[in-house]
Structure formats: structure tokens, C-alpha cells
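Q: Sequence:
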Amino acid sequence: MDAKNYNEKAINDVYKNAHIALQSISDLLPAVTDDDIKAELSDQYEGYEKIIGEISTFMAENNITPKDINPFKKAIMWTSIKMKSLVDNSRNQIAEMMINGTVMGINELKAMDNEKENLDEKTAEFVKKLLDLEESYEQRLKKFL
1 MDAKNYNEKA INDVYKNAHI ALQSISDLLP AVTDDDIKAE LSDQYEGYEK IIGEISTFMA
61 ENNITPKDIN PFKKAIMWTS IKMKSLVDNS RNQIAEMMIN GTVMGINELK AMDNEKENLD
121 EKTAEFVKKL LDLEESYEQR LKKFL
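If you count the sequence shown from 1, position 74 lands on 74 in our numbering, and the numbers rise without skipping.
These are calculated hints, taken from the structure and not from any lab test.
These numbers come from a predicted model, not from an experiment.
Think of the CB as a built atom: it goes at the ideal place given N, C-alpha and C, for glycine as much as any other residue.
Please note: incorrect hints may appear among the correct ones.
Unchecked claim - If you anchor each label on the Cβ, the simulated ranges turn out as follows:
#: 1; residue 1: 35; residue 2: 122; range: 36 to 44 Å
#: 2; residue 1: 35; residue 2: 117; range: 40 to 48 Å
#: 3; residue 1: 135; residue 2: 62; range: 25 to 33 Å
#: 4; residue 1: 70; residue 2: 143; range: 30 to 38 Å
#: 5; residue 1: 120; residue 2: 90; range: 24 to 32 Å
Said to hold, decoys possible - Derived DSBU-like pairs (lysine-lysine); straight-line CA-CA distance at most 35 Å:
#: 6; residue 1: 122; residue 2: 142
#: 7; residue 1: 4; residue 2: 74
#: 8; residue 1: 116; residue 2: 9
#: 9; residue 1: 38; residue 2: 82
#: 10; residue 1: 67; residue 2: 129
#: 11; residue 1: 82; residue 2: 67
#: 12; residue 1: 38; residue 2: 50
Kindly produce the complete structure, drawing on both the sequences and the hints.
A: Written out as C-alpha cells, the structure reads:
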């Protein structure tokens, strides 16, 4: 894969990572009854929205078409979130679900960050920025366990 295609795939992966988090929060928020964790998730939603906006602008400026999350994957995520939160919507359960998803995102981003010498400067910056954001969110969510 040439460098241009590699970087397009990488920035799309970062975009999808943030978009999955945003979608998960959106699916989960209606089930949240605890005001403190609801406020935390709302704050995280805004953070993900902001970085998605920045990535979208970068992609538009560079004629890169964002690739959306696979509809089947969206349906599986939605079903899983709805089932788990229906059974238990305690702040502990909500935090655990969000931490698990966040850790998956962190792992993906960390692998990309470890290969940053293969990324262009701006893509590497977005990887690092989202990685830092997700690591801070993971730490913040732990107080709800």
C-alpha cells in the first residue's frame, strides 16, 4: 500500500474510532439515570464531536472521503448497549461498558501511534490527540466503578 492510501486508511480509522465512541454514547445516554455519569458522558460526547469536526475538516481539505461505520457493526453495538443497559443501568455498569469500549479504542490508537513513522505528520497528530483524549476519559470513568 502506498503512503497516500496508508494515510487515508489511517485517518479514516481515527475518524471511525471517534465516531464509534460518539455513537455508543448517543445510544447509551437515554438509559442513564445517574446525573453525575450522564454529565460525564455528555462532556465526552462534546469532546468526540469536536475532534470529529477537526478530522472532517482535515479530510475535506485533503479530498479524503470519510468512511462510515459498517451498518451491521452499528446494529450490533446498539443491540449490545440496549441489552446491557436494560438489564443493569447502574452507574457502575455504564462506566464499565464505556471503559471497555474506550480501552478497545485506546488499543487501536496505540498500535497506530507505535507505527507513527509511517504516518504523515497531521495524521499522527490526530492519532495522538484522540489517544490522549480517550486515555483521559478512561481515567475519568474509573471513578464511577
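Q: Hint by hint, note whether the structure agrees.
A: So, going through the hints one by one against the coordinates:
| no. | hint | in the structure |
| --- | --- | --- |
| 1 | 35 to 122: 36 to 44 Å | holds, 38 Å |
| 2 | 35 to 117: 40 to 48 Å | holds, 45 Å |
| 3 | 135 to 62: 25 to 33 Å | holds, 27 Å |
| 4 | 70 to 143: 30 to 38 Å | holds, 33 Å |
| 5 | 120 to 90: 24 to 32 Å | violated, 44 Å |
| 6 | 122 to 142 | holds, 31 Å |
| 7 | 4 to 74 | holds, 28 Å |
| 8 | 116 to 9 | holds, 13 Å |
| 9 | 38 to 82 | holds, 16 Å |
| 10 | 67 to 129 | holds, 20 Å |
| 11 | 82 to 67 | holds, 25 Å |
| 12 | 38 to 50 | holds, 18 Å |
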